[in-house]
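For the sequence shown, full-length UniProt numbering puts the final residue at 122, and the numbers step up evenly by one.
A couple of the hints might just be wrong.
No more than 25 Å apart at the CA atoms, straight line, and that leaves these computed lysine-lysine pairs for DSS-like [to be verified]:
no., residue 1, residue 2
1, Lys-56, Lys-88
2, Lys-10, Lys-28
3, Lys-70, Lys-10
4, Lys-29, Lys-70
5, Lys-10, Lys-29
6, Lys-88, Lys-70
DEER-style ranges, computed between Cβ atoms [stated by the list, open to error]:
no., residue 1, residue 2, range
7, Arg-23, Pro-50, 25 to 35 Å
8, Gly-112, Val-92, 41 to 51 Å
9, Ala-30, Ser-75, 33 to 43 Å
10, Glu-3, Pro-81, 36 to 46 Å
11, Gly-101, Glu-31, 19 to 29 Å
12, Gly-101, Ala-30, 11 to 21 Å
13, Pro-97, Arg-49, 31 to 41 Å
14, Ile-54, Glu-108, 20 to 30 Å
15, Ala-30, Tyr-115, 42 to 52 Å
Treat the hints as calculated values from the structure; they're not laboratory data. All C-beta atoms, glycine included, are put in the ideal place defined by N, C-alpha and C.
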Amino acid sequence: EGEFANTIFKVEETSGDVYAFERLDREKKAEYELTALIIDRTNNRSLERPSRFIIKVYDINDNAPVFVHKVFNGSVPEMSPVGTSVTKVTAVDADDPTVSGHATVTYEVTTGGEYFTIDDSG
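Kindly produce the complete structure, drawing on both the sequences and the hints.
Right under this line is the structure:
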């Protein structure tokens, strides 16, 4: 029973094994709640009270980080000391941040590195 019974999830009646019949994506839905019933097929009566269970979808690192803006503008007065902050860039990752390394964003200057550096925070 439940919103996803016999649509996304199906139960093999004799073994009780639960199968997913769709690809599950944690970024769309992280957990599903279902209710299990034990039915006597001779009279279609429940043998026990329903049991609730939750299926949690664990994250895989399937999303690349993306910048929050297409262009970041910065400025700095001429003759500013080395190390003066010019701008801050920000990227986000849709993966689960509680899973080690899945939503970690690191930054790197790929051109202009002789004039600019970037720290771990963007």
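Verification of the supplied hints:
{"no.": "1", "hint": "Lys-56 <-> Lys-88", "verdict": "violated (36 Å)"}
{"no.": "2", "hint": "Lys-10 <-> Lys-28", "verdict": "holds (20 Å)"}
{"no.": "3", "hint": "Lys-70 <-> Lys-10", "verdict": "violated (44 Å)"}
{"no.": "4", "hint": "Lys-29 <-> Lys-70", "verdict": "violated (28 Å)"}
{"no.": "5", "hint": "Lys-10 <-> Lys-29", "verdict": "holds (18 Å)"}
{"no.": "6", "hint": "Lys-88 <-> Lys-70", "verdict": "holds (13 Å)"}
{"no.": "7", "hint": "Arg-23 <-> Pro-50: 25 to 35 Å", "verdict": "holds (28 Å)"}
{"no.": "8", "hint": "Gly-112 <-> Val-92: 41 to 51 Å", "verdict": "violated (23 Å)"}
{"no.": "9", "hint": "Ala-30 <-> Ser-75: 33 to 43 Å", "verdict": "holds (41 Å)"}
{"no.": "10", "hint": "Glu-3 <-> Pro-81: 36 to 46 Å", "verdict": "violated (60 Å)"}
{"no.": "11", "hint": "Gly-101 <-> Glu-31: 19 to 29 Å", "verdict": "holds (22 Å)"}
{"no.": "12", "hint": "Gly-101 <-> Ala-30: 11 to 21 Å", "verdict": "holds (18 Å)"}
{"no.": "13", "hint": "Pro-97 <-> Arg-49: 31 to 41 Å", "verdict": "holds (38 Å)"}
{"no.": "14", "hint": "Ile-54 <-> Glu-108: 20 to 30 Å", "verdict": "violated (40 Å)"}
{"no.": "15", "hint": "Ala-30 <-> Tyr-115: 42 to 52 Å", "verdict": "holds (43 Å)"}
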